[in-house]
Amino acid sequence: MTAQANLVAAPDSPKENPTSAALRAASSHALEFLAGLESRAVNATATAATLQARFNESIPEEGMAPNDVIETLVRSVEGGLLGMPSGRFFAWVIGGALPSAVGADWLTSAWGQNAALYACSPAASIVESIVGKWLKALFRLPESASFALVTGCQMAHATCLAAARHSLLRQDGWDVETNGLCGAPRLRVISSERQHASIERAVRLLGLGTKCMTLLPSNDRATLSEDDLAVALQSDAGAPTIVVLQAGDINTGSFDSFETLIPLAKKSGAWVHIDGAFGLWASASPAYSHL
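For the sequence shown, position 54 matches number 55 in our numbering, and the numbering has no gaps at all.
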């Protein structure tokens, strides 16, 4: 029997499970992408018009095989992916992922757990609690500190500033969870003019409004000065206040002087929120934890 005849007879052979075929295709393309990172362009090579033309089709009336969906997706995104996982990508503050993290992410999708509650996924709940315990140890934070794993910098600020809003208003006798913000004591947020944009966005999301913000100038070290903060705190003494400090400025890596600014803020009754998105990780390193 010829090779051609063998190929013709193939349909009688057991077919691969559609799920297996799709996952095998995804794995193959993922490995190919990662293997070519150091040689492919770091920037996008396809224009917006090209990408739009590839994707902008009518909603299909009929479905297609799962692996065909994967193949179509891979063809369509070509040239529209940046080389973020490579060692040559320096835009913004975006890094790659460890191989174990990529593999775990695949499994997370395959397992398809709803990790909102322990009852929904006991394993996910336990893993999250252990991760929080590890992070507190790495960052030298008190064991009693609360934590949350969120989607990123933006929601981290929104979550922490919401906690600050709740605590400060409660001290003034206002239950924001029950009464909302209408009629609530007005909060103010004191921050550096060099703050990350996600701080202002979090203030808007929480309904505080940007008018509540006092932006102070930074000194030649890109940090807040003790004198400027003292004046700002005294300008409306007694008002519920959040002071935002930075552990690693996004452009310079500078740290605010915590040893002087935190006691100053606490003395006035302010809540201190530290943006540690970039610099807090230094505390996990024996060489840089002093920062």
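Hints are computed from structural coordinates only; laboratory data are not their basis.
These figures come from a predicted structure and were not determined experimentally.
Hints may be right or wrong, so weigh each one.
Quick list of the computed label-pair ranges, beta carbon to beta carbon [unchecked claim]: (1) SER77 to ALA238: 56 to 64 angstroms; (2) SER110 to VAL132: 15 to 23 angstroms; (3) SER126 to LEU82: 28 to 36 angstroms; (4) ARG187 to ASN44: 52 to 60 angstroms; (5) ARG89 to GLN53: 26 to 34 angstroms; (6) LYS267 to ARG41: 47 to 55 angstroms.
By construction, the Cβ of each residue, glycine as well, lies at the ideal position given by its N, Cα and C atoms.
Structure-based check of each hint:
no. : hint                                 : result
1   : SER77 to ALA238: 56 to 64 angstroms  : 59 angstroms, holds
2   : SER110 to VAL132: 15 to 23 angstroms : 18 angstroms, holds
3   : SER126 to LEU82: 28 to 36 angstroms  : 34 angstroms, holds
4   : ARG187 to ASN44: 52 to 60 angstroms  : 46 angstroms, violated
5   : ARG89 to GLN53: 26 to 34 angstroms   : 27 angstroms, holds
6   : LYS267 to ARG41: 47 to 55 angstroms  : 51 angstroms, holds
The structure does not agree with numbered hint 4 stated previously, though it agrees with all others.
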